[in-house]
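Asks: Construct the complete structure from the given sequences, taking the supplied hints into account.
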Amino acid sequence: MTALVELHAVTRSYVEGGRTRDVLQSLDLVIERGSKVALLGRSGSGKSTLLSLLAGIDPPTTGEVRIAGTNLATLDETARTVFRRQHIGMVFQAFHLVPVLTVLENVLLPIELERRPTSRDREFARELLTRTGLADRTTALPERLSGGEQQRVALARALIHDPALLVADEPTGNLDAQTAEQVLDLLGELCDDGRRTLVLATHSTSCAARCDRVLRIVDGHVEEAGPPTP
Amino acid sequence: MNPLVRIGGRHFLRHRAQLALAVFGVGIGVAAVVAIGLANESASRAFDLSVDSLSGRATHRVVGGPGGLEDDLHRRIRTEFGVPTAAPVLEGTCRALLPDDARRPTLRILGIDPLAEAPLRPHLGAFGGRQTQLDVGRLMAEPGTVVVTGETARALGVDAGGSLALEVAGFEARVRVISVLEPTDELAARGLDHVLVTDMSTAQDLLRRPGRLDRIDILVSDSAAESLAASLPEGTRLEPAERQRGVLRDLTRAFRINLEAMGMLALLVGAFLIHNTMRFAVVQRRPLFGIARALGATPRQVFTSVLGEALVLGCLATLLGIGLGIGLAHLLLGLVARTIEDFYFSMSVRELVLDPAVLATGAGLGLTACIAAALLPAREAVRVPAREAIHRAGLETRATQGSRRAAGIGLLLLLAGVVVLQADDRSIALAYTGILLVLLATTSLAPWCTGLLLRASSRPLGRLLGGPGRYAAQSAVGSLSRTGLAVTALMLAVAAAIGLGAMIQTFRGTVSTWLGTALAADVYVTVPAAMSERTSVQMAPDSVRALEALPEVGELSTYRRVEVLEATGLRLELAAVRASSRTVEGLSMLDGTEEAARAALQNGEALLISEPLAWRLRLGVGDELVIRTDTRGNVSLPIAAVFRDYAAERGWAMLARARYDALFDDDAVTSVALWAREGTTVAELLEATQDAADRAEQRLAVQASEGLRVASLEIFDRTFAITAVLRLLCLAVAGLGIFSALSALQLERRREVGALRAIGATPRQVAVMLTGQNLLLGLCAGLLAIPTGMALAWLLAAVVNRRSFGWTLLEFGFPPGVAVDAVLTAVAAAGLAGIWPSLRLARAPLSAALRDE
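Line by line, the protein sequences are chains L and E.
Going letter by letter, the first sequence gives residues 1250 to 1479 in the numbering used here.
Going letter by letter, the second sequence gives residues 92 to 944 in the numbering used here.
It should be emphasised that the hints constitute simulated quantities derived from the structure, not laboratory data.
Here the structure is a predicted model, which means the values were calculated and not measured.
Heads up, some of the hints might be wrong.
Claimed, not checked - Chain L is faced by these chain E residues, among others (derived, beta-carbon under 8 Å): (1) Gly557; (2) Leu661; (3) Glu843; (4) Ala852; (5) Ala935.
Claimed, not checked - Some chain E residues flagged as far from chain L (calculated, every beta-carbon gap over 12 Å): (6) Asp163; (7) Arg169; (8) Leu398; (9) Gly425; (10) Leu556; (11) Asp682; (12) Gly713; (13) Val773; (14) Thr862; (15) Thr899; (16) Pro906; (17) Pro907.
What the hints assert, rightly or not - The calculated label-pair distances, taken between Cβ atoms and stated as ranges, are: (18) E/Arg391 to L/Thr1323: 57 to 63 Å; (19) E/Arg474 to L/Ala1252: 55 to 61 Å; (20) E/Arg105 to L/Arg1393: 30 to 36 Å; (21) E/Arg105 to L/Thr1319: 37 to 43 Å; (22) E/Arg489 to L/Arg1380: 49 to 55 Å; (23) E/Arg105 to L/Gly1422: 23 to 29 Å; (24) L/Ser1275 to E/Arg101: 37 to 43 Å; (25) E/Arg101 to L/Thr1323: 39 to 45 Å.
The beta carbon of each residue, even a glycine, is placed where N, CA and C say it ideally should be.
Replies: See below:
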């Protein structure tokens, strides 16, 4: 397998109250294309920070973040954004759907930010919504959906531009156990074709157990956590 | 500390800019009311002080007709009628000709009999053995001597012993200051500010009124007054001294009411701003209130804390507003005093009076506006179920439903406004109540209309700009609870600004067209003086004769403008006209025929009256007006015609000169109108007239009709300078309001924008989207401001003007440029106001925005 994600000597620091805090320190990491990786760690350990670096939301303070060979650290804000909307899909714990857009409009939004959606895009959006079990809710507004449904819309939205990397930040954190299982099933199913790489941050070991590889973040460093166990 | 108070306090501390904008916006509204109130009150107070100071202890005054009184009457009152405490007065105005100062300040000449002053005006007399700063002997014995107060002397740069060059009724004169008074009491100091106190004979010389008096102030009991009134000769009358006090208030009533109403309009816009701010502040913390209520806060606690915040905010804004208002009042006082001097009478207003009643009114209005504005959001904060309050779901649905309900209420308010406006066609108070109801109606309808416009724009914007365009429109509809308010506040302010603008433009157009007709003669000649002095200035007989003798003159009319009394004691302005065959050409008849007017000006059997006078006294053709005359007592004159006039807001009447001469003991002329002889051009006539004026001893103002038209329009513009200041205030409040609203709106959309950025929107796309949305909101406000502004302009021009002054405008037009102005102003205000918050939001750290809950 080839590497999709390569992190080299990555440090990410924040200034808090005049003092600098290193959240991630000299991080080296390689993630193969098509793999599913779970990130474990305590709250505040840096899981979300690492996902932000992978998604190009934040640049590293020092070091290189390469996605499919492109070093995000050398790109400016706009270039990182354009790269993200072409190659990376994101799923959040709090869903972050746009409340004034319908389900279908939310799913098509990343495409619309790039260009005018074609009929093929619409077809694909409907197909994704069918696969996520929301074919009959395309015209509903997010406030009318349950938490599980909202996350499934977010999932469809993250995949509409067929990204190579899917980054999910505690995607089941706001869901009950049963709904969380359904969402994880769907996530696995949508990423099972071997073309897409999934990196998800979670507190749940059962969620981590569904991945090929589990990493743990401790004191700003990444450790292999051994084979996943349920 | 109460946790809800702490939450509120910290909310505003975290959003200091929002707090500052709200406080400043409301402060400006309060400032407008305070400034106008203080300027009005200071002008009134200056006049009252001047009257009180000059009336002194007098209980009554004897006055005559336009020509005044014979000075022998003073002696007769003291000796024949047995009233020992009587003091004669002759007053007039003049300009000081100061070296190195082109301002030519206006001074009042006060001619007195120093020996008669002590019992009535101790500060002027203090004779009879008491110590005085006045050198009475020199004042009486030396002609051309005056006394001034120290403050006046300093303002004019003259000391005791120095001399002053004056221009009195077009003649140059020189007086010597023999004494400088330093009055110890406030009344005397204020009353004598910019007054030249002189002996009666000097005053008569200066004012060229030999042997004449304006009035005789007397101190008598009521019973003695009755017998004196019965003994006075024909053409003179006795009136209570306090009647003069009400003159200013009466003369300037409409002017003051209109100014106050403009201030209220600014406050209304300001009140809407604070309503906006309070709504935002509450809506933003809706989840917090929900949590607090879920944790046990009672609805009453939440309600009280929201109102408490409004009170604190109101106090801060009111304090700031009063401070700003006092500053602004200094500026407005100059404009108000100038308008009063231009149109009503000459007075010296230099000091701003900090009237506690005005300050209390400003404070009361500011606080009331804040509390009233907070009531609705406070009610909303406690009525929403806690569970619903925590989540935003349902809020916008409620806002949409609420906008429909508000629109219904708006229609009812509109209906109520129309009913109120039609209830009484003369009440100014009801006119303003109607306007207020109409404005409230439009603000109630605006959110619903905004929703309609935004929904309608979604599809075309989507086609034009793709997803971001549609998103801009849909997002604005989706936040109707906030965007509706922002659009309404901007709409109201822009409507107020364009409404005032259109009213002024329409009025100016009417006056300009009317001047084209009214100034029918080729050249006009008069003594240079302010309009307020038009009933007191006189052209010298030699000057009139010189003009009559000019070979270039084909026809000539003379005018004598005087103040006379109607039978009930009402003051009327009367023009005695020696008409030419062309005088009537300058009159636009509203009632009656040109032939009837021509006949009245020839035979003097009837009066012509202007539209404002007809309105004020409810008179029309065929009615009669009874006036008090010098020689025939009360004379009843029928009205032959009513003509259009915008020069004198209280109206005036025209009477043939021959009839006037028979009724009044006065042969003076105020102005002359000249028509060029056939074969002579206007330029030749103007040149010949100017040459004659240059040769005359009296300085005369010679103007061609076009020059006079331009000069009249300049005075018009000066009068409306105050309105222009208020218009700017409205726009300033609007600017602050929309900036505050857009900042708050975008602040709370941080997460939403964060999500957009996370799924691929570039900072530029976000900035363009948000700016586009701001422009769209501005466009909505501009479009809604057009009908509101039109309604306001029409109400001000056709209803308020009519009820205040009796004027009907030639035509009411809403120039297309004003509609374009409305849209451009609103779009520009929203666009400019939104730039900073949009950029700030677009550039906000993405990870922080996504974490922000």
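Asks: Going through the numbered hints above, which ones does this structure break? Give me the numbers in ascending order.
Replies: Of the numbered hints, 2, 5, 10 and 22 do not hold.
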